[in-house]
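Peer 1: These are the residues of each chain, in order.
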Amino acid sequence: MKIAAFTKTYGKKMVLRFPACELPQGRIVAVIGANGSGKSTLAKVLSGIEPSDQRVRPLMGVSLGYLPQKSYGFHMSLRANLLLNGGDKALAARRMDALKIRDLEKARADRLSGGETARMALARLLMRPYDLVILDEPTAAMDRESTLLAEQLVKDYVRETGCTMLLVTHSLQQARRMAQEVLFLYNGTLVERGPIAQVLHRPEREETRQFLEFYGFAPEA
Amino acid sequence: MKSSLIQAIQLILSGNAELMNILKVTARMSLTSSLCALLIGVPIGIWLGSRRFWGRDALVVINRTLMGTPPVVCGLLFYLLFSGVGPFRHLKLLFTVKIMILAQVALITPIVVGNMETYTASVAPGVMETAKGMGFPRWKTFLLLGNECVYPIFSAYLLAFSRAIAEVGAVSMVGGAIAWKTNVMTTAIMQYTNQGNFSLGIALGLILMTASLIVNTVLTLLQKRLSQ
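If you read the protein sequences in the order shown, they are chains A and X.
Position 33 of the first sequence, counted from 1, bears residue number 32 in numbering that gives the first Met the number 0, the numbering being contiguous throughout.
Position 158 of the second sequence, counted from 1, bears residue number 157 in numbering that gives the first Met the number 0, the numbering being contiguous throughout.
Just so you know, the hints here were simulated from the structure itself, not pulled from any lab data.
As the structure is a computational prediction, the values presented were derived from the model and not from experiment.
Hints should not be assumed to be uniformly reliable.
Within a straight-line C-alpha distance of at most 20 angstroms, the following computed EDC-like cross-link-like pairs (lysine to aspartate or glutamate) qualify [what the hints assert, rightly or not]:
#1 139(X) / 87(A)
#2 131(X) / 109(A)
#3 69(A) / 17(X)
#4 154(A) / 109(A)
Chain X regions said to be covered by chain A (calculated; three or more residues, Cβ under 8 angstroms) [said to hold, decoys possible]:
#5 30-37
#6 123-134
Cβ atoms here follow ideal geometry from the backbone N, Cα and C, with glycine treated the same way.
With the hints as constraints, model all of the structure from the sequences given.
Peer 2: Put into structure tokens, the structure is as follows:
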């Protein structure tokens, strides 16, 4: 899956400069970086929510699913929300079971708690197969148990559909549990990319090393 | 005051013909104009609240200005347009219920637009981002947005109806408050009070308040039921 190079500018400030690259099929790629490094902007531009400066979508000809950082529950039942994105009732039941929200299936989605809404939104997005799925901090509002359930569901989905998953996360532990590859963004630039073990334990760039140390990851000397 | 009130209640209970005619004209005018304003204002409000385009802010400011249009100014404008010197004189609408409805629609549509625009602008980013994220086509996104705006539509209708039924300035100017033809409750209250006929004025006032109370109660209950 090829991504064309693009830039994104807000006002007069260029917040992201992303090079042309290729994403591996059937893998989970984590996007990590400090706040303001451009992770969410990358997700928004790739998904077409925000236009790039070049006004051309960096990804063409792929079906794309995107889960925004802030989940939204439509004014209908949780179950109806899931069925909006595909009418397979059995699959909806499986998704609800996987995230332990089956008991809330008749509850109004706009009245759920933050964590419940986040689980519902993830289950709703994964009701359909996509070529590329972009998740922007999908578990930020979830507790530990829900986070682990969500991670398992995402891994199962990737295995079932063979899609590419781009996971934007600020949790290095989550990146390590989920991803096979990692993109490290620093000040709006992709500074390092590689297999997860290599980037987390043997980073090549000083920026990556400092970031990992700050988050308590001690790279190998 | 007490005898006027008793007389007013007697007039209501006896089904006074003039009173019934005033009620009929008022109901026709306020229901038609508020429904028209809703049909025009809701799509415009949703569109304005959900889209970002050049000139949008200017349109919002213009609409907010129109929301505060003094009814007499609106009445004057319609009077000039449809009177013997106006461009639409050949339509012969002046001093008819139809022009009263038109003037009311012009007055209350901006209120509906403003109400819908404010609400839609608060939910549209979440709805559109989520819908686009799932790859929904535009028509489906717009339908979903419409579904999210069901409850404020009730509020918008309540506002529109309340304004329509209580308005006096514009309707008296373009309708002329002609007895048995264009006299509505508000204009009639003014007329009867000026004539010293307080009982009919009080009767109309009571009916006006009761009608407003009933419409508000029914719509609030309906809104509550739908939201459950």
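Peer 1: Hints first: check each against the structure and report whether it holds.
Peer 2: Results of checking the hints against the structure:
Distance restraint check for residue 139(X) and residue 87(A): the Cα-Cα separation of roughly 18 angstroms lies within the 20 angstroms cut-off, and the hinted pair is therefore satisfied. For the suggested pair residue 131(X) and residue 109(A), the alpha carbons sit about 19 angstroms apart, so the restraint of at most 20 angstroms is met. Restraint check for residue 69(A) and residue 17(X): the C-alpha separation of about 59 angstroms exceeds 20 angstroms, so the hint is violated. This hinted pair does not check out: residue 154(A) and residue 109(A) have alpha carbons roughly 27 angstroms apart, beyond 20 angstroms.
Coverage of the segment 30-37 of chain X by chain A is violated. Counting CB-CB distances below 8 angstroms, 0 residues qualify, and the rule asks for three or more. Residue count for the segment 123-134 of chain X with a Cβ under 8 angstroms from a Cβ of chain A: 8. That meets the three needed, and the coverage hint holds.
Checked against the numbered hints given earlier, the structure breaks hints 3, 4 and 5 and satisfies all the rest.
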